[in-house]
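Keeping their order, the protein sequence lines are chains V and A.
The opening position of the first sequence corresponds to residue 1 in the numbering used here, with each subsequent residue numbered one higher.
The opening position of the second sequence corresponds to residue 1 in the numbering used here, with each subsequent residue numbered one higher.
Note that these hints are calculated values from the structure, not bench results.
All values derive from a computational prediction rather than experimental measurement.
Accuracy of the hints is not assured; some may be wrong.
Restraint-style ranges between C-beta atoms, simulated for each label pair [stated by the list, open to error]:
id: 1; chain 1: V; residue 1: A41; chain 2: A; residue 2: S67; range: 24 to 34 Å
id: 2; chain 1: A; residue 1: A56; chain 2: V; residue 2: L61; range: 31 to 41 Å
id: 3; chain 1: V; residue 1: Q107; chain 2: A; residue 2: G3; range: 34 to 44 Å
id: 4; chain 1: V; residue 1: G15; chain 2: A; residue 2: G77; range: 41 to 51 Å
A virtual CB, placed ideally from N, CA and C, is assigned to each residue, including glycine.
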Amino acid sequence: GEDVEQSLFLSVREGDSSVINCTYTDSSSTYLYWYKQEPGAGLQLLTYIFSNMDMKQDQRLTVLLNKKDKHLSLRIADTQTGDSAIYFCAESFTGGGNKLTFGTGTQLKVEL
Amino acid sequence: NAGVTQTPKFRVLKTGQSMTLLCAQDMNHEYMYWYRQDPGMGLRLIHYSVGEGTTAKGEVPDGYNVSRLKKQNFLLGLESAAPSQTSVYFCASGGSADVTYEQYFGPGTRLTVT
């Protein structure tokens, strides 16, 4: 199957920007997503980008997509303690129920 | 709107026992999914459904069965539980007339098989 890789941990100070990176191997993906998981909870969709876009901004969140390098990143501006969570990137493909392939997740820790 | 609900929240089984996990959604979504989450491995798709009465295998279907008799419900069955099935199970739904790309997740079921 397709591989989606992320670094395991990221630690930042409150107020700084966080950048979470993701690499994927399948260039036929349709949408790429960022999900957030807080402790003991399910996943919550943060944002997504269509595969023919390079960038998407949504308030404090900026998604960058480099299709040539198969690299996706999520930048969180002015990171707050409430942003501490696990962040998953995921990709989906046309046809067949919009199945998602998830990365392994990046644990973001925000320190005071 | 309750969104996506899962029953039960926790369960402990002995090897060889069977159980059914229930997922319900009230958003009239066409697609429903079952994932398992294991440490360091992200979420992996077990089975999914693109509509009432349909099911299909995902990435890790062995040892599981599913049914989608009603549009709002998606059941995941373990016929003979094994310790390797200890995991957190998430149900998700998505796909409607307006929006097809987003999946909404339930709170999860933590299953331990001893």
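**OP:** Kindly confirm whether 31 to 41 Å is satisfied by the beta carbon distance between A56 (chain A) and L61 (chain V).
**Re:** Holds, since A56 (chain A) and L61 (chain V) (Cβ atoms, about 32 Å apart) stay within the stated range.
Subject >> Satisfaction of the hinted span 24 to 34 Å by the C-beta atoms belonging to A41 (chain V) and S67 (chain A) >> reply: Holds: the Cβ-Cβ distance is about 26 Å, inside 24 to 34 Å.
Original post:
If you check the beta carbons of Q107 (chain V) and G3 (chain A), does the distance land in 34 to 44 Å?
Top reply: Violated, at about 25 Å.
**OP:** Take the C-beta atom of G15 (chain V) and the C-beta atom of G77 (chain A), compute their distance, and say whether it sits inside 41 to 51 Å.
**Re:** holds (48 Å)
The structure is inconsistent with hint 3 alone, although it conforms to all the rest.
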